[in-house]
Amino acid sequence: MNYKKIFNIFILLTFFTLIEFYISFFLINSTLVKNIIYIFLTFLKSYYIVFYFMHVNSEKLYYKLLFILPIILLLFLTTIIFIEYYEVL
Amino acid sequence: MNDIHLNKINHQNWKLMMWLFLISDIFTFCGFINVFFALRLNSKTIWPNGDIVFTYVPLIGYNIPLAFVTIMTFILIMSSISMYASTYEYKKSKKINSLIWLFFTILIGIMFIFCQSLEWIHLSNKGYWFGKIPIGHNVNYSNIFFAITGFHGIHVLIGIMINIFIFIKIYLEKRMHSYNFLNNAGLYWHFVDLIWVFIFTFIYLI
Amino acid sequence: MDRQTDNILSNNKFNMKILKYIFSRDHKIIAKQFLITAMFMGFIGLFISVLFRLQLAYPNRPFYIFKLFFNKFANDGYLDPSFYLSLVTIHGTIMIFFVLTGGLSGTFSNLLIPLQIGARDMASPFLNMLSYWLFLLSSLTMLYSFFVITGPASAGWTIYPPLSALPKAINGSGTGQTVWLISMSIFIISSLIGNINYITTIMNMRTQGLTMYRLPIIIWALLLTAILGLLSFPVLMAAVILLILDRGFGTSFYLSDIFLAGEYLHYDGGSPILFQHLFWFLGHPEVYIVILPALGISSEILSINCRKPLFGYHTMIYSLIAIAGLSFFVWAHHMFISGINPLIGSVFTITTLIIAVPSAIKVFNYIATIWRGNIKFTTPMLFTIGLISFFITGGLTGIYLGNAILDINLNDTYFVVAHFHIVMGSAAIFGMFAGIYHWYPKLFQKMMNEKLGHIHFWITYISIYLIFFPMHFMGINGMPRRYYDFNAFGMFNIFINMNKFITIISIISGFAQLIFLYNFTYSMFKGKDSSKNPWKANTLEWTTPIEHIHGNWENDLPVVYRWPYEYSNPKYQDDYMPQNISDKH
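Top to bottom, those sequences are chains A, B and C.
Under the numbering used here, the first residue of the first sequence is numbered 50, with each subsequent residue one higher.
Under the numbering used here, the first residue of the second sequence is numbered 1027, with each subsequent residue one higher.
Under the numbering used here, the first residue of the third sequence is numbered -5, with each subsequent residue one higher.
Next comes chain A alone, as it looks inside the complex:
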């Protein structure tokens, strides 16, 4: 892990943030596409933060697999909340 690599990732993260900022100007009419892009970029940013800043990249394999279980649980909870509360008006 040297400075150059971290600086590159910083530029990448700032770039994603600026994309999100500009998307809020364009694509005003199609909320669904906007939201999907936002969520995708968020997960991408969080992948970079967790794997590089928190250097999970250099840990053993089971550390990386450790994240999958909580994500599945939380996705299940979120799905149930959505099914419960989404009303087709």
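Read the hints as simulated data drawn from the structure, not as lab findings.
Keep in mind the model is a prediction, meaning the values are calculated, not measured.
Every residue, glycine too, gets a C-beta built ideally from N, C-alpha and C.
Be careful, since some hints might not be right.
[To be verified] To list a few chain A residues with every Cβ distance to chain C over 12 Å, as calculated:
#, residue
1, 55
2, 58
3, 85
4, 93
5, 100
[What the hints assert, rightly or not] Only pairs whose alpha carbons sit at most 27 Å apart, straight line, appear in this in silico BS3-like list of lysine-lysine:
#, chain 1, residue 1, chain 2, residue 2
6, B, 1041, A, 54
7, A, 113, B, 1041
8, C, 370, C, 520
9, C, 26, C, 522
10, B, 1121, A, 54
11, A, 54, B, 1118
12, C, 565, C, 66
13, A, 109, B, 1195
14, B, 1070, B, 1195
15, B, 1041, A, 109
16, A, 54, B, 1070
17, B, 1041, A, 53
18, B, 1121, B, 1195
19, C, 565, C, 440
20, B, 1121, A, 53
21, B, 1158, A, 54
22, A, 53, B, 1117
23, C, 445, C, 526
24, C, 370, C, 565
25, B, 1120, A, 53
26, A, 53, B, 1118
27, B, 1118, A, 109
28, A, 113, B, 1117
Guided by the hints, dock chains B and C onto chain A, whose structure is given.
Chains B and C in isolation, oriented as in the chain A frame:
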């Protein structure tokens, strides 16, 4: 004693404990985010649009949607970089460099809290608070906004205090044996940034 | 000597013996502290339950004992109806959280994890001590709620809003509920710190030769319990924080369209079911946190007392993992009649029925372990057989309740009360008793009295079936939970005598626990001295010296050569072969 491996395990212990604590904190925040989804989907009145609510930038004026919060995100990511740099320098045994980067991290953290408080004060002047919102909109928008950003802000404050503590510890120590502590403080600080990325998307953007 | 062992072996900063005990960081002393606190809270919970059983059996009679204990809540000896709800709430909270979570997993994790994996102490002895002191603080705060002017929390141990979110809704929702929420927040933090410690110790500090597949089942169970606690308590923390905001800050997360005493309250847009989702996301893994250590304890005791290897060791591990994993996907079966989307109802029916499978596999394995074993009917063995009996009964009724359709009739009736009392209040408590009787020589260097133990077992076992079995029939006939007086309804008149019968048996059973208390306290001082390995077991905790030392072993840590269930192997001379003795002897 045939427990020579005890020494090597010490670092692994604290790192694992920190990660487990972070995972549990992630679940707390996810509880909040799920509450946000539920309330938003459940709302029978208008849910305000983030582009319209957050248009204020201090010292510049109005009508730049989401500019302030983008600046805040940028600030927090910068502080993550400086925290990482501090840990990296400490590992190379460069104490002064490490302290300088750590000082920047603390400074940027305080700046973030300052920006967040400005945002809160501005919103409360416009009529948003726990249980209050301008007429016609769903009051839960401001409820969940203040609850989540408040909870996140408390985490940032605790992170700043931990950073100040370790700053003093490194400053006063004779031999450099605080790498584990600094590493774990770095993990916590990156976690705070990670949560902010999610809050930025779900509360402000969507 | 490295720094960690140094700290542990010379933990004698305070020379006074009593201070060494109170602020000790030694995991064995912390285990004793958890045990004593949990037993104290357990007896308070038991006493509360006997008192409200009195109210249920004789609803229109004044009792002096009510006036004696609950002065202003029992005018002239007649129990206040809203105070009845407080009693039920506090009974549930104390028993589930403080006795069964803190007492079971707190005590046995602290005692067994370092000893059975061959470590000198926990990963962080300081955090361990902090976890206990926060547990004690939380217990005392909960008990303090009895001395609040408006009375303790009365919205049920599940504190559903809007009853719990509006301080003026019922007496107990004022200061009492606030105290409850504070106590539970402290408890959640204590539990979190403890769980982090247990997981790290088990994953990182196993001794040489001890792979994951050579761990005793109790350690697997305690590991999975800690993971469950780590992942599920934070969601309760989120729900509690939002409830505190609703109560004190005027937010409306859980409230909407509320009238209170004829007045329209300006809350809008919230959803009470949201709290139920968040609460039961913890609530269901919580009951598995309660039962998993008990199942682990029973695996150990069965194997030792039948002098047979545990049947299906790997299957047991995988069933434990399956139960722990699936327990996160079943929470809404507590909410079938709350008005959830029926589609969700079917999803959770399916997952609830699936989770019955690994539990059944475990029970079959227990029975196969006992089959053709050389059974020694010691007190722990009796309690373990009682646990299996209760688990089968309670598990079967759980399958009835797990179906959304049947649950429409049975939810919130005494059928549910019978189910969870048999499976939590009896099976898990019997696991706790079995563990106490079995590891008493390890904790206090003395043996408990066998005869008193047998008497305690038989009275408790028979009276639990006599108390809770009739409740199934009451439930099927529609008798609802948390009502303080059934004589007001003509349809329950047939159960008047049954209620009286249950109350009398519960009083007898309550006194039987005093036998246990006497046995416990007496044997501590005047019991028979125990040998190093009184049950002739294989696991590592019986290889430490009889008198406790910090750091557990005097010289080197033991090295492990085999799995812990090597009993009655014809290859060896004895009918047991400890884990740390190599084959080359």
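Going down the list of hints, with the structure as the test:
For residue 55 of chain A, the condition that its CB be more than 12 Å from all CB atoms of chain C holds, with the nearest at approximately 29 Å. With a closest Cβ-Cβ approach of about 29 Å to chain C, residue 58 of chain A is found to remain outside the 12 Å limit, as its non-interface label requires. The beta carbon of residue 85 of chain A sits about 24 Å from the closest Cβ of chain C, which is more than 12 Å, so the claim that it is off the interface holds. Distance check for residue 93 of chain A against chain C: the nearest CB is about 25 Å away, which clears 12 Å, and the non-interface claim stands.
With a minimum CB-CB distance of about 21 Å to chain C, residue 100 of chain A clears the 12 Å threshold, and the non-interface call stands. For the proposed pair residue 1041 of chain B and residue 54 of chain A, the alpha carbon gap of about 23 Å is at most 27 Å, so the pair holds. About 14 Å separates the Cα atoms of residue 113 of chain A and residue 1041 of chain B, which keeps this hinted pair within 27 Å; it holds. At most 27 Å may separate the alpha-carbon atoms for a hinted pair to count; residue 370 of chain C and residue 520 of chain C meet this at roughly 25 Å.
Taken as a hint, the residue 26 of chain C and residue 522 of chain C pair is honoured in the structure, with Cα atoms around 19 Å apart against an allowance of 27 Å. A hinted pair counts as satisfied when its Cα atoms are at most 27 Å apart, and residue 1121 of chain B with residue 54 of chain A qualifies at roughly 22 Å. Between residue 54 of chain A and residue 1118 of chain B the CA atoms are separated by roughly 17 Å; this keeps the pair inside 27 Å, and the hint holds. Distance restraint check for residue 565 of chain C and residue 66 of chain C: the Cα-Cα separation of roughly 70 Å exceeds the 27 Å cut-off, and the hinted pair is therefore not satisfied.
A threshold of 27 Å between alpha carbons decides the hint, and for residue 109 of chain A with residue 1195 of chain B the separation of about 30 Å lies outside it, so the pair is violated. With a C-alpha separation of about 53 Å, the suggested pairing of residue 1070 of chain B with residue 1195 of chain B is violated against the 27 Å cut-off. For the hint pairing residue 1041 of chain B with residue 109 of chain A, the CA-to-CA distance comes to about 13 Å; that is within 27 Å, so the pair holds. As the CA atoms of residue 54 of chain A and residue 1070 of chain B are separated by approximately 48 Å, the hinted pair breaks the 27 Å bound.
The hinted pair formed by residue 1041 of chain B and residue 53 of chain A meets the criterion: a straight-line CA distance of about 26 Å does not exceed 27 Å. Proposed proximity of residue 1121 of chain B and residue 1195 of chain B is supported: the alpha carbons are some 12 Å apart, at most 27 Å. Between residue 565 of chain C and residue 440 of chain C the alpha-carbon distance is near 32 Å, which puts this suggested pair outside the 27 Å criterion. Under the criterion of a C-alpha separation no larger than 27 Å, the hint pairing residue 1121 of chain B with residue 53 of chain A is consistent with the structure, at around 21 Å.
Taking the CA atoms of residue 1158 of chain B and residue 54 of chain A, the gap is near 46 Å; set against the 27 Å cutoff, the hint is violated. For the hint linking residue 53 of chain A to residue 1117 of chain B, the alpha-carbon distance of about 17 Å falls within 27 Å, and the restraint holds. Pair hint residue 445 of chain C plus residue 526 of chain C holds up; C-alpha atoms about 22 Å apart against a cutoff of 27 Å. A C-alpha spacing of about 22 Å is found between residue 370 of chain C and residue 565 of chain C, which places the hinted pair at or below 27 Å, so the restraint holds.
A distance of roughly 18 Å separates the Cα atoms of residue 1120 of chain B and residue 53 of chain A; the hinted pair therefore holds under the 27 Å criterion. Simply put, residue 53 of chain A and residue 1118 of chain B have alpha-carbon atoms about 16 Å apart, close enough for the 27 Å limit, and the pair holds. Between residue 1118 of chain B and residue 109 of chain A, the direct Cα distance comes to roughly 23 Å. Compliance with the 27 Å bound is thereby established for this hinted pair. For the given pair, residue 113 of chain A sits about 23 Å from residue 1117 of chain B by alpha-carbon distance, which is consistent with the 27 Å threshold.
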